[in-house]
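Given the coordinates of chain B, assemble chain P onto it according to the supplied hints.
Protein chains: 2
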Amino acid sequence: MPTIALDAMGCDRGPEVTLEGAAALSREEGAPELLLVGDDAVLRPKLAGLEHDPRRLHLVHAPQVITMEDSPSAALAAKPRASVAVAAELVRSGEADALVSAGNTGAVTLACARAFERLPGVRRCALGSVYPTERRRGAKADPFSLILDVGLTLEATADDLVTFALMGSAYAARISRNPSPRIALLSNGSEAHKGPPAIVEAHRRLAARDDLDFLGNVEGVDIPRGTADVVVTGGFLGNVVLKMLEGVAETVTRLGKYAVEEKLRYKAGFALLAPAMKALRQATDWEQYGGAPILGFDHLCIKAHGRSSARAIRNALKVAHKGVRTELVAGIRETLERCPP
Amino acid sequence: MPTIALDAMGCDRGPEVTLEGAAALSREEGAPELLLVGDDAVLRPKLAGLEHDPRRLHLVHAPQVITMEDSPSAALAAKPRASVAVAAELVRSGEADALVSAGNTGAVTLACARAFERLPGVRRCALGSVYPTERRRGAKADPFSLILDVGLTLEATADDLVTFALMGSAYAARISRNPSPRIALLSNGSEAHKGPPAIVEAHRRLAARDDLDFLGNVEGVDIPRGTADVVVTGGFLGNVVLKMLEGVAETVTRLGKYAVEEKLRYKAGFALLAPAMKALRQATDWEQYGGAPILGFDHLCIKAHGRSSARAIRNALKVAHKGVRTELVAGIRETLERCPP
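Going down the list, the protein sequences come from chains B and P. Position one of the first sequence corresponds to residue 32 (the numbering used here), numbered consecutively onward. Position one of the second sequence corresponds to residue 32 (the numbering used here), numbered consecutively onward.
Excised from the complex, chain B in its bound form (with noise of 0.2 Å):
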């Protein structure tokens, strides 16, 4: 039975959510072991008023938090029996097999960093994320890209990038059951020559690759559409492009307003609009999606955004139990090995 170690007390709504995110997965079938990490004293009062499956729930005590204001690096060294930072080591132990936080992302990647080693090739980790695609994929249809890096590594060289592309790809063969998911760098045009020199490195390198279905260069319109199954970039781009991706109702109720003091034509069009962007909101709603993985260590960290409901841990939870199931990691270090970056 795969367990997965939560840190109970890392989410911006505190570990109420967490708790019952845990609580609701615990009665569905199939569900996996819980470690709920965090203050005993907090979350055993708070689990006793959820519905859950106690079998499937275990309280693992961890008297520190690390806030979102914390400077990770000083807040893991004043705090070393922090909620994260003992369900990371859960995880190094063997006493779990994955690791889902909705906290200071800073302080999880270093937790893992600290507890954790890198797999062989990787100089770099990177954060996944998913997004909805017109465009459906694999096995089971699935209707998302994956984007990695999405904030880990700012300023990623042509070997990260590369490496990205295999650890990408692993994570599409085993999450998405995709045997030859389609690999595109993400640039400003889709020319070989498009962007700065990492960037057309990493094309030359990919290209020249045959084990990689590499389709070449993609722009941020392309997202959507789905050409690419995993979409390569370095993490300032991606952290910038896929917020952009999840506010693109936001950006569509501005060009609305805007449109409308303007005059222009189509009015009847933008009247369209709020009924619409509620939809799109729907669609574009990561809460849906559970959280982002972080890849390239020897053990699975499952991130879930901070402003998490019950709803997103659950799911992320969800994703972290399927990457044990599939032995995602398994699957990267074996993609590293036969393929080298």
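To be clear, the hints were calculated from the coordinates, so they are not data collected in a lab. Computed from a predicted model, the values in this text were never measured in an experiment. Do not take every clue at face value.
With a straight-line Cα cutoff of 20 Å, these simulated EDC-like cross-link-like pairs (lysine to aspartate or glutamate) come out [as the list claims (entries may be wrong)]: (1) B:Lys298 with B:Glu277; (2) B:Lys298 with P:Glu293; (3) B:Lys298 with P:Glu292; (4) B:Lys294 with P:Asp316; (5) P:Lys309 with B:Glu222; (6) B:Lys294 with P:Glu318; (7) B:Lys274 with P:Glu277; (8) P:Lys274 with B:Glu222; (9) B:Lys274 with P:Glu292; (10) B:Lys298 with P:Glu165; (11) P:Lys171 with B:Glu165; (12) B:Lys309 with P:Glu293; (13) B:Lys309 with P:Glu292; (14) B:Lys171 with P:Glu293; (15) P:Lys294 with B:Glu165.
Here are the in silico distance ranges between beta carbons for each label pair [said to hold, decoys possible]: (16) B:Ala239 with P:Ser211: 46 to 54 Å; (17) B:Asp241 with P:Ala105: 14 to 22 Å; (18) P:Ala302 with B:Arg167: 17 to 25 Å; (19) B:Gly337 with P:Asp43: 39 to 47 Å.
Ideal Cβ positions, reconstructed from N, Cα and C, are used throughout, including at glycine.
This is chain P only, laid out in the frame that chain B set:
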């Protein structure tokens, strides 16, 4: 009377389109004089077929053409009398006050770099572009933000970014009649430490100045809101982000198709997307905004889209005319002297 040199040959849709745009403008009250630069044998008969004011349109022969596919430096070396080079030379020599071209961006920039000087303090030039916003600003309630750089300087240093902020500020003061434009850096979060080192350093330097109204960092979704009047960024990120903003209607259409297939709630909302998108495409239609200024040279160049229609060419000529009338380049020079980067 201001005079604009138009590269009449550099346009995907052919010289018919550049001439039609010029001819339409010549019939408007207060229009500038236009030097139409290109192959006389091609241009003269085409112009004869268009209704125009002959006192304002003058053909200048240039026998060679640089195509969109040409490599800029090789093409300029092989074709010294290409229309874009001859047009830039007319501006350098004072026969015209500004250059407008819809040609190969690399060749236009290189032709400018050869004919013009960079202003003191400018290490790299910036291509600016405007985007519609909900918020209005300045004496004429301008609904546009200026984003720069959007593609010339892919990897901008902190020095470059500070220079872009000053040039953008001068542009907004003259073109949008906005005496104290609000400047922001595009990054992946509002906090001062967000982004790669060049952004963090530029943030520190801009925040320390008292001659600019610096708001701090903004994200991509803040652009259509209009939080900032001038959004400063490196050319790689700026180009990717601008294309995503211009292509927002396509993104929404793709998401709509995803959502209908997924049978998400709010299906009725999605049915409204198609008519709403027609309106959105009009709002994000770059043709109505004219061309993009290349800032940093001692003469003005307006780069129109390669796919420009006659209307887009006419609007680019109008932006150039306004830049000349408002002494934009002198304003930028003065700003850089008064407030060195």
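Tested hints:
no. : hint                               : result
1   : B:Lys298 with B:Glu277             : 26 Å, violated
2   : B:Lys298 with P:Glu293             : 29 Å, violated
3   : B:Lys298 with P:Glu292             : 28 Å, violated
4   : B:Lys294 with P:Asp316             : 15 Å, holds
5   : P:Lys309 with B:Glu222             : 29 Å, violated
6   : B:Lys294 with P:Glu318             : 17 Å, holds
7   : B:Lys274 with P:Glu277             : 16 Å, holds
8   : P:Lys274 with B:Glu222             : 15 Å, holds
9   : B:Lys274 with P:Glu292             : 23 Å, violated
10  : B:Lys298 with P:Glu165             : 16 Å, holds
11  : P:Lys171 with B:Glu165             : 41 Å, violated
12  : B:Lys309 with P:Glu293             : 16 Å, holds
13  : B:Lys309 with P:Glu292             : 17 Å, holds
14  : B:Lys171 with P:Glu293             : 13 Å, holds
15  : P:Lys294 with B:Glu165             : 13 Å, holds
16  : B:Ala239 with P:Ser211: 46 to 54 Å : 52 Å, holds
17  : B:Asp241 with P:Ala105: 14 to 22 Å : 32 Å, violated
18  : P:Ala302 with B:Arg167: 17 to 25 Å : 21 Å, holds
19  : B:Gly337 with P:Asp43: 39 to 47 Å  : 46 Å, holds
Of the numbered hints given earlier, the model fails hints 1, 2, 3, 5, 9, 11 and 17; all others are met.
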